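Here the protein sequences line up with chains V and P, keeping their order.
For the first sequence, the working numbering begins at 1 and goes up steadily by one.
For the second sequence, the working numbering begins at 1 and goes up steadily by one.
The reader is advised that the hints may include incorrect statements.
[Claimed, not checked] Chain P side only, calculated, beta carbon under 7 angstroms to chain V, not exhaustive: (1) PRO115; (2) ALA191; (3) TYR262.
[Said to hold, decoys possible] Here are the simulated DSBU-like pairs of lysine-lysine, each with C-alpha atoms no more than 35 angstroms apart in a straight line: (4) V:LYS164 with V:LYS400; (5) V:LYS272 with V:LYS52; (6) P:LYS182 with V:LYS119; (7) V:LYS164 with V:LYS119; (8) V:LYS119 with V:LYS182; (9) V:LYS164 with P:LYS182.
[Stated by the list, open to error] Computed spacing ranges between beta-carbons, pair by pair: (10) P:ARG208 with V:ALA22: 54 to 64 angstroms; (11) P:PHE111 with V:ALA22: 27 to 37 angstroms; (12) P:VAL149 with V:VAL72: 52 to 62 angstroms; (13) P:GLY158 with V:ASP137: 53 to 63 angstroms; (14) V:ASP137 with P:MET9: 37 to 47 angstroms; (15) P:ARG208 with V:VAL72: 22 to 32 angstroms.
No wet-lab data here; the hints were simulated from the structure.
The model shown is predicted, which means the values in this text are computed figures rather than measured ones.
Using N, Cα and C, we set each Cβ at its ideal position, and we do this for glycine too.
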Amino acid sequence: MTNDQRAVLQATGITKTFGSHAALKNVDIAFQAGEVHALLGENGAGKSTLIKILTGAYSLDQGTIRLDGEEVSFATPLQAQALGIGTVYQEVNLLPNMTVMDNLYIGRQPRRFGLVDRKRMEREARAVLSGYGLDIDVRADLSTFSVAVQQIVAIARAVALSGKVLILDEPTASLDAAEVEKLFDIVRRLKARGLAIVFITHFLDQVFALSDRVTVLRNGQLIGTRAISDINRTEVVKMMLGKDLALHHGEILAEESEVGETLVSLRDYGLKGRVEPINLDIHRGEVIGVAGLLGSGRTEMARLLFGIDTADSGRIAVDGRDATIRSPRDAVALGFGFCPEDRKLDGIFGDLSVRENIVMAMQARLGWFRALTRDEQMEIAGNYIEALDIRTASAELPVKLLSGGNQQKVILARWLATDPRFLILDEPTRGIDVGAHAEIVRVISRLREDGLALVVISSELDEVVSYSSRVVVMRDRAIAAELHGADINVARIVETIASHHAEAEQ
Amino acid sequence: MNARYRPLMATTLIFIVAYALCVSQYPGMWSTRVLGNFLTDNAFLGVAAVGATFVIISGGIDLSVGAVIGLTGVVTAILITRLGLHPLVVFPLVLALAALFGAVMGAVIHFLRVPPFIVTLAGMFLARGLASVLTQDSIPIDHEFYRTVSSLYIKLPGGGRLSAIGLTMLAVFAIFGLVAHKTRFGSYVYAIGGNPVSAALMGVPTGRTTVAIYALSSFLGGLSGIIYSLYTSAGYPLAAVGIELDSIAAVVIGGTLLTGGYGFIFGTLIGVMLQGLVQTFIVFDGTLSSWWTKIAIGFLLFMFILLQNLVFNRQNGPAHLRKGPA
Chain V
1 MTNDQRAVLQ ATGITKTFGS HAALKNVDIA FQAGEVHALL GENGAGKSTL IKILTGAYSL
61 DQGTIRLDGE EVSFATPLQA QALGIGTVYQ EVNLLPNMTV MDNLYIGRQP RRFGLVDRKR
121 MEREARAVLS GYGLDIDVRA DLSTFSVAVQ QIVAIARAVA LSGKVLILDE PTASLDAAEV
181 EKLFDIVRRL KARGLAIVFI THFLDQVFAL SDRVTVLRNG QLIGTRAISD INRTEVVKMM
241 LGKDLALHHG EILAEESEVG ETLVSLRDYG LKGRVEPINL DIHRGEVIGV AGLLGSGRTE
301 MARLLFGIDT ADSGRIAVDG RDATIRSPRD AVALGFGFCP EDRKLDGIFG DLSVRENIVM
361 AMQARLGWFR ALTRDEQMEI AGNYIEALDI RTASAELPVK LLSGGNQQKV ILARWLATDP
421 RFLILDEPTR GIDVGAHAEI VRVISRLRED GLALVVISSE LDEVVSYSSR VVVMRDRAIA
481 AELHGADINV ARIVETIASH HAEAEQ
Chain P
1 MNARYRPLMA TTLIFIVAYA LCVSQYPGMW STRVLGNFLT DNAFLGVAAV GATFVIISGG
61 IDLSVGAVIG LTGVVTAILI TRLGLHPLVV FPLVLALAAL FGAVMGAVIH FLRVPPFIVT
121 LAGMFLARGL ASVLTQDSIP IDHEFYRTVS SLYIKLPGGG RLSAIGLTML AVFAIFGLVA
181 HKTRFGSYVY AIGGNPVSAA LMGVPTGRTT VAIYALSSFL GGLSGIIYSL YTSAGYPLAA
241 VGIELDSIAA VVIGGTLLTG GYGFIFGTLI GVMLQGLVQT FIVFDGTLSS WWTKIAIGFL
301 LFMFILLQNL VFNRQNGPAH LRKGPA
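This is chain P alone, in the form it adopts within the complex (with noise of 0.2 angstroms):
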């Protein structure tokens, strides 16, 4: 089998074994009505976590994907409420807003030659500080079209619920899965995480890729922001805030390298879901101080990355003192 899909496979064993000791403990967890509260409650990271496997595949990093939830939440609330727009008119200005926000750091990360750990450092700050100080607050939005769109779900067999904003977090594995694996697009993603410079010999537009990339990751931020706001019914400054790490912690999990050039969408979705599993069964069982869902990440996380060592590593030796003869 190719090397490649091993750390998918890990993490997806992992996930079924995992869940099978979840249900031989607490039977209730083997039901849709679990599983859909599971994709409802892990929308917004999945979402967000889906921009970030391309920037990680990249070879890049994005820190500001959880401000720019706050900071869109809250900008959807304002204009909802304080200006009275309707929702539908609101979302695609602030996605697009989102959009550009990260295609100029895309920009500044390629023409200025810039680290992305620097550049989404200082996306970060920007974002969350103008958040806060458009608001303290938690806004409420009270409209009838957040009321009808939470409301809104499809029925699964055995009484579980696929809710809305779920159903929105498959459909973007689903596209962005595709734009990963079957567009040019993502080849040439992959093509700068496995090397810039070959990359760009061989004729991609790393600039232009590396553009589309930031932004891909922002907008899906202001999508996942968004989805927060219909999930909480309010634009609050300070949601979400280390959702980036969480959302990098689950694309490592899902199988993706974090140095670039390996990765899978559909991984991703699995390390969403573990963490959400992990919280569920600390929900099941009452006792646990919900803090141990860290830990279990944590765990994971370190277990992952030794397997990514073992397995890519193992290919190429090591990299130390090595030159090529005079």
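Pulled out of the complex, with its shape left as it was, chain V reads as follows (with noise of 0.2 angstroms):
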């Protein structure tokens, strides 16, 4: 990128590595005063280690920062945020035991005579927050009000502080429409004043109701930055999903025809707020792959279908039997399994080996009473690490030593270990190298090819087109599509993902 005049935060060549893993690779981004550049990108492009490093909470490997033209480097958070960067998160970061002035104040609270002067903070706070439309009590605890108004305060605060660059990360979220167009209001506000503005969110249309810019990050790298009125959503989405619409599959590897019968019949079955009513027919021996952005309610549905969220509406059958899946418990005794999107988070054991690790699930099944002896356990951690080739060099290892994609079928070792007739993988080649990629998709197509049922979670349009035997593509957390046999292909996917705001802006 060239050097740009206007740039109030500039940053050059920006590199950042965790051990093996370059979490961002030689980006380059400026925000200008008085825009608002939106920051585009799936899980794991980089955006919020961007983010992070902009505003010192991580410190970057190369690269450099210009703040109004002068390198700068921060080592914390509250250094950046005194140079002119301040940032809210969608967890909004403030103090919900305190009072609103107390959460605007703390730090700066006017005294008198060495005592806080709360009149006088009172007055203060009442002023600022009337500047951005807020007429509260200032003295009531922050948490007696909506997220909205904690939003607001936030801004509020990082702006009063810093006032130079926002980060707003995800402000919307957790907000309904009105809420949102208020929160909008205050950010063309404060663009109008000359802020900096940088706007991250999974929500398209927000992107082009209020961006100026948009820049998109993909897998570490900078795809490009682009400004708003020269692209539309389906660039867009495929700028962030790297696909191109004249690729084609042509292999269709699973016929619909061979699929058995039916193992999972959901009616209407949803949550409300997090997924709508879903009516899905899941057999045996197929693969059913759920495209969509990030937010569209492809988690949502999975942690439905496992039990981990209740839903609140419709019935789930199983067997052509009615069933009640209350619990992660419940979905087990059902012989269904789950390997979840965040490893290392919700599915790895990290300190314990491979083999403990492997038999986990399949002790929980058997209780508390009927331990498993050492030798069942290596025989059975044994046949798994050599039918899915886990690479390691004993089944005594920790698994957090094992790679990334070694440790994903581990996770798929321990389900299949309980002999399940329905896996549910959410995003099962994330953050794994590519190589490995292909082995994921080819243990995948063998559980099918063993009558198994699967719903996959992906973002890797690639790979859910040649494993899957239908796709489900999902928008505003519901259903929006099912395609079939030779609809099944990259460009129908992103087609579908992107059509809904098409859509919405006639």
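Assemble the dimeric complex from its two separately framed chains, guided by the hints.
This is the structure:
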């Protein structure tokens, strides 16, 4: 990128590596005064890493950051804040137990004779918030107000303290439409005051409603920065998912006619506020690919299927019989298995050995009193290490020492050991190296041939296309379309994901 | 009304009702004489409880207070009787030592990220052990100054006496009430108790504040030790065993949330007085075992924890299994 004269905050050649994983590779980005700049990318694209570097939460390995043309470096968020970069996070990082005015002024409360001058603080807080169209009792606890109000208080604080660059990290995630509109008004007003505003969101509609420019990251690399007037929604989706619409996958691996009888049947199955009612039949021997942007409800659907969240509407039938799934235990008892999106957080017990991780679910199913002997455990673990080609020096190695792809296979092995009928995989290839992708895809196809029913959620559309018998596209927390046969190609999927936004525009 | 005042109102109301019931049974309890004794007898507990209030509002706990009281008493007694120092020289010295002791605990808690429970438990053993090594026996303090102070009092209408140590306790409550509710330091304490990560991100000097909180708690423990030595005219290594737990009880009964973030210094005063009231009632009754005090306190404590659960958890909803949408 050329040296941008108007840039308030300019980052050049930003590189950040965690271990052997490059989170950001040579990223250039510039934010101008008086613009709203949307930052887009799927999970793991490097957005949050970039924001953490720009706000001083992470140090950078390479590259420079210039603020008003001067090179700066910050060791802590406080330094970045003092230099003019304020951040408002999705999870409001304020103090719910304190009053609104305390939250606005803590650390810099006006004082009189050494004591906090609460009268003056109240007056000033009122004045500041009325500038944001907020007329509330500033002496009340922050926790008594809605998230929207808390969000505005956080913005007011960030602007008052910093006042050059305001980073909004998914500020609208938990707001309703009217609140979003109010927030947008505020953002536009701040923009008019000459702040550079960085806007991170998963809602494309909001990007187009509010932003002047958009920058897309993917896999830690800068894909591009465009003026919003020069680009449409489909192009943005393509940039985010990295797909060329011309690309076609010729071979359709799975014929729908091959699938077996219905295993799981969902009728109006949903949870208010998370997933709109779903109608879906899942058969033995088929892989249902689930595509959709982040926040489209795909992970929520998986959580619902596995009983992590409990549905409040509709019915689920397994093998033709009505079933109730209120907890993962219920789901496991029905022969379900679930590999979650965030392996490290939700799936792997890093300090336990490969063997212990594999027998975990099986042991949980057997209960407390029928412990597997060590020999049995070795036998089971050995079988799966061989069957799934898990590369480990020994079954006794702590799982955290394995590569991402092999960790994923350990989780798969854990569920396979329970002899499941139905597996839900959420982003099975995320964060593992490219070579291992193909192997996971092979494993998925083999499990399908073995007669398992699988639901696989993935942002890797090429992979979805290659293993799915059917593809379900999710959008706005509902199933937007089901693609069959020849329709299963990357172009169709991208079109379907983006189409709603195009409709909304008209 | 702001929900945060509810536990405080409840405590105050319970105190008034309980006092009224006591008076209806023993009209003699309605006198400034009883009130004056109340303050004198509970002065050391009250002063220690003020420190505990700060610690608990910040989301921590201090188990070392009782031991600090014992150690200060013993050191004070030794310095006065064996070295012949004047109490007015000894007091600032032991207070500074106590504050230093607390500051070290605070530093370990913050910088080494050790849970306060463990650090102050270690502090408790250290202080109590040290006191017992210095002497096994009670050291009587027979000093002119002690006799003078012990006999100082303000006459209350109705024949009651507000002793010097009772007055000290009230002063401590007034001063530190102001510190908690009216200074930046006070707001930092609440901020850390609310959410230490947010507080740090918002520019609260969490390290300095944590060190200061534990230094303050031990400082007030030291003051409480001096008061105890004035009260008993002696220094005894096993003095005030378990006082840390009594003071935590007083703090919680006084409306402070044990998990931090909410609380009042004034509430702690009521909490201490409520404990004193139960003791006085038992003295008046004459037939009840003094252990009934503990039973009453246990019951009150249990009630208040339930009450706080109702007041605070209803706002937030159940916390388990909650996770934002991806």
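(request) Give me the numbers of the hints this structure contradicts, sorted from smallest to largest. (result) 1, 4, 10, 13 and 14
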